[in-house]
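Taken in order, these protein sequences are the chains called B and V. Just so you know, full-length UniProt numbering puts 457 at position 457 of the first sequence, and the rest follows in order with no gaps. Just so you know, full-length UniProt numbering puts 339 at position 339 of the second sequence, and the rest follows in order with no gaps.
Some clues are possibly wrong.
Which copy is meant is left open, so a pair is good if it fits within one copy or across any two.
[Said to hold, decoys possible] In silico EDC-like cross-links for lysine to aspartate or glutamate, where the CA-CA straight-line distance does not exceed 20 Å: (1) Lys439 <-> Glu402; (2) Lys96 <-> Glu124; (3) Lys401 <-> Asp471; (4) Lys12 <-> Asp324.
The set of hints was computed from the structure by calculation and includes no laboratory data.
Spelled out from the first residue to the last, the chains are:
There are 2 protein chains.
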Amino acid sequence: MQFGSEPKIWDKRRRLKKERLSRLKQNGKVIPTENIVAALEAVIEPGNKVVLEGNNQKQADFLARSLCELNPDKVHDLHMIIPSMSLPEHLDVFEKGIARKLDFSYSGAQSLRTSQLLEDGALEIGAVHTYIELYSRLYVDLIPDVVLVAAYAADREGNLYTGPSTEDTPALLEAAAFHDGIVIAQVNEIVDDPKDLRRVDIPGSWVDLIVKSDKPFFIEPLFTRDPRQIKNQHVLMGMMALKGIYGRHMVQSLNHGIGFNTAAIELLLPTYGEELGLRGKICKNWCLNPHPTLIPAIESGWVESVHSFGGELGMEKYMAARPDVFFTGADGSMRSNRAFCQMAGQYAADMFIGSTLQIDAEGNSSTVTKGRLSGFGGAPNMGHDPHGRRHATKAWLDMIKEPSPTARGHKLVVQMVETFQAKAKPTFVENLEAVQVAKDAGMPLAPIMIYADDVTHLLTEDGIAYLYMADSMEERKKMIAAVAGITDIGLRANPKDVEKLRQSGKVAFPSDLGIDKSRATRSMLAAKSIADLVEWSGGLYEPPAKFRSW
Amino acid sequence: MQFGSEPKIWDKRRRLKKERLSRLKQNGKVIPTENIVAALEAVIEPGNKVVLEGNNQKQADFLARSLCELNPDKVHDLHMIIPSMSLPEHLDVFEKGIARKLDFSYSGAQSLRTSQLLEDGALEIGAVHTYIELYSRLYVDLIPDVVLVAAYAADREGNLYTGPSTEDTPALLEAAAFHDGIVIAQVNEIVDDPKDLRRVDIPGSWVDLIVKSDKPFFIEPLFTRDPRQIKNQHVLMGMMALKGIYGRHMVQSLNHGIGFNTAAIELLLPTYGEELGLRGKICKNWCLNPHPTLIPAIESGWVESVHSFGGELGMEKYMAARPDVFFTGADGSMRSNRAFCQMAGQYAADMFIGSTLQIDAEGNSSTVTKGRLSGFGGAPNMGHDPHGRRHATKAWLDMIKEPSPTARGHKLVVQMVETFQAKAKPTFVENLEAVQVAKDAGMPLAPIMIYADDVTHLLTEDGIAYLYMADSMEERKKMIAAVAGITDIGLRANPKDVEKLRQSGKVAFPSDLGIDKSRATRSMLAAKSIADLVEWSGGLYEPPAKFRSW
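If we strip away everything but chain B, and leave its shape as in the complex, we get:
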């Protein structure tokens, strides 16, 4: 009944893994720090799919640096899979001829150089992904040969403590641990007695090799926003958001993007939100990195729970002291989990609100601009309507325009932008630069962050466009133009149309919402500086040096 006659080998990966590990000629799982380059050369083969934990906050930086020291005559054409391209080494490995192909999600700090290397032909891009899309492919068509991750501590059996910054580690690692790939973890500390591990985040049998890094891994306080930089305009937009969106739809569960706009909202909850009588009624359950600007809202009793994608430098003690709010382990320290938090933010959150760099006339948006292939990160996971959601909340049902027996709700996807970016660059544009970037890079489609059909609300300093109420694409465009300020798109708005849209409630200006613009000043913020946040936290928040200005 079988086709062919030769006995097929069904455990090639396992045999190869065993052979590679045997090349190390060592007992146990611990690679001596000074041997890391030789060890990587022994176990990594040309063409391998290698996952490198470039994470949003936490970086497997020692392994990234070591990878760059491999001999490209021995190890080359690697296919790198890096969630977040955060370090120069993530690209050095291409320049040095060790790696060839790249699949990634986000390349914030390295976006310019990624574009350049792509243009120079030094790297080939598989695809740009969203976070959970990239993790997903590790289990389907991008199953890794080697996974390189970072943890705080390990014992000699390979049990890992990943602590507050667990982040992507479990999702990356499981794909190799359970498909005969090789898992190598860099750790800040190796303990002899397993009992000295604060807790086990990853069981030792999932990890093949550990190495103590030359210095603790790099971690970036990526989600800390200094309240000093919040402008009156952000306050105005925050007040509009709270009254015209959060309060109107009674948003219970939500995710905030990163930025001064959403930081302003967080700092308005204990002041303007309190004044609106919304405490205990909205913003109870969060999918959020531990934003320091959320501290005043937490301390004022607004927040029931926060599940986090990652940790945040300086917030460790505060989170450990607020276990009713944050997810913490039996040891008392926080646990984050990006895969689960992205899943939770997609399926269990009523609203996503975030910023972007460019929006076109129809409402498509992107943060990819000319020369900067910045990628997607997690925003499109949060910033779309998940069609696999079935439970109803008031906010979700509010988005139904025409009741019908087969209608369904819609996630609130709010784009909150100032009409102009820095250097007087308009946010609203005829064509997204992403379209040209795609053409230049030979990408099959433009890298659009959030598609127009997913966006329900657009908020600018001019007002709110309730896009989910649009009757047609034509009307949708008019609604966008109505709040697009003096950009070319905005100047197209016909005052009569705008008036009609305001009267029908499809567009609301601050006065329509009963908001007195003169009150929109920084004095409305519950904290005006990092020092204020430290005070709110009772001294538990310990901001990194670069945020200490007092």
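For chain B, the structure is supplied; the task is to place chain V on it using the hints.
The following block gives chain V in isolation, referenced to the frame of chain B:
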């Protein structure tokens, strides 16, 4: 700066957990089997949110039975969260007045009784969810107080081996383990020496209590389909699927629903698929339970990888012997993970194909019928277009109807149904019974399994409607009618319209696809019985007794 003056307690959950566990007056984590009822009464409090691992295959049945023995005077008004309502005890606990509210995903075997209890007012339903939607809420607004799970084995520290049927366990358990909930695991075996655990799937510090169950947990071979029951009509539909959908769009990665239709496709790969020259070109990477009917395709070299939601009884040895295909641990046994596989199926699979019970004229479908609140399970997670996907494949790009710079691809969502169900009940209906069920049960929306706008292809014994090509809802309805046979919906089809649709390639009948219907017989199947599957597997597949008919 603080509002209020009383010092707030921020670790209520942790204090309460400690107090509850102290009530047990025992050393260590092991609850003696005979003490389980008293132990549950000690740690569970009225009104608690209790997750019970009712899983697709694996059941925490000992804990479910024990829960039913609690004294409702002491423990009542529980809010049960049960992914899959599979056992009578899942509902007994409501009848006995111990539980009051229910959130669930799927209630296959208990769907009739769920409806009855709801009607009788004996239970209140929070919401009916899809699987990852339910897991998501455990981290946001349904954070559990107690989680009850099942594993094969534990050591005395609480390290768990969940083995081939890991399924939901990690996703359910993490929500309590990291938010001061109580985790209790029933296990078939407790080993004294941690080294006697095959591997650790869940670290001991995540688990508070373990109990050896009175008998091994119940596990159901839910995804085994006997080839004997595949009819010629299924073969015909399978041939159309392979030629008209799989081959046409070059589908690489996919998920199959459960049923004889998709089992037929699996068994046609080594025969008709081979004839079409598609081996190595399609169906390489699967998100799938370990369907025994996939064995011939695996043995014939069609399948590169299978990541699984759960295990399948009888497939253990076969999977362990095929580690290049299945995900297995360092110990050699399979690892499944429903949360990750649902995520992978959503974001990394080109296609979902599955069956349903009712489809309306627009293409909405549901398996909820009068008197049967069967829930959703995972089909809507797979069977929708994930707007957070950004990587392109041929199949995904094929769904773009009008090229534009801001276009995006679409997942192939294929509904494969016979025009009539058993007892001559039409599949195509004017109104889904789900609409009436929702009204009767006071649900805010009808429980629709897959919404019309997500469906790209409809396949019946009559032909294929390429719904993604429809220009309008009007045309879409005509396309559906064209393949709806002699149902009322189908009889509406105007022969001239059908002819036009066939000529434009929007509808294809077998002859349009060059398929000779006379060849569509069971003789095309690579295996015609369970015994054939055992033979294909070289004796590694060990079917459960109920499937052994030889």
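Hint check:
1. Lys439 <-> Glu402: between (38 Å within a copy, 17 Å between copies)
2. Lys96 <-> Glu124: Cα proximity of lysine 96 and glutamate 124: one copy only (14 Å, versus 63 Å across).
3. Lys401 <-> Asp471: Only inside one copy: lysine 401 and aspartate 471 sit 9 Å apart there, 23 Å across copies, limit 20 Å.
4. Lys12 <-> Asp324: For lysine 12 and aspartate 324, only the inter-copy Cα distance (6 Å) is at most 20 Å; the intra-copy one is 48 Å.
Checked against the numbered hints given earlier, this structure breaks none of them.
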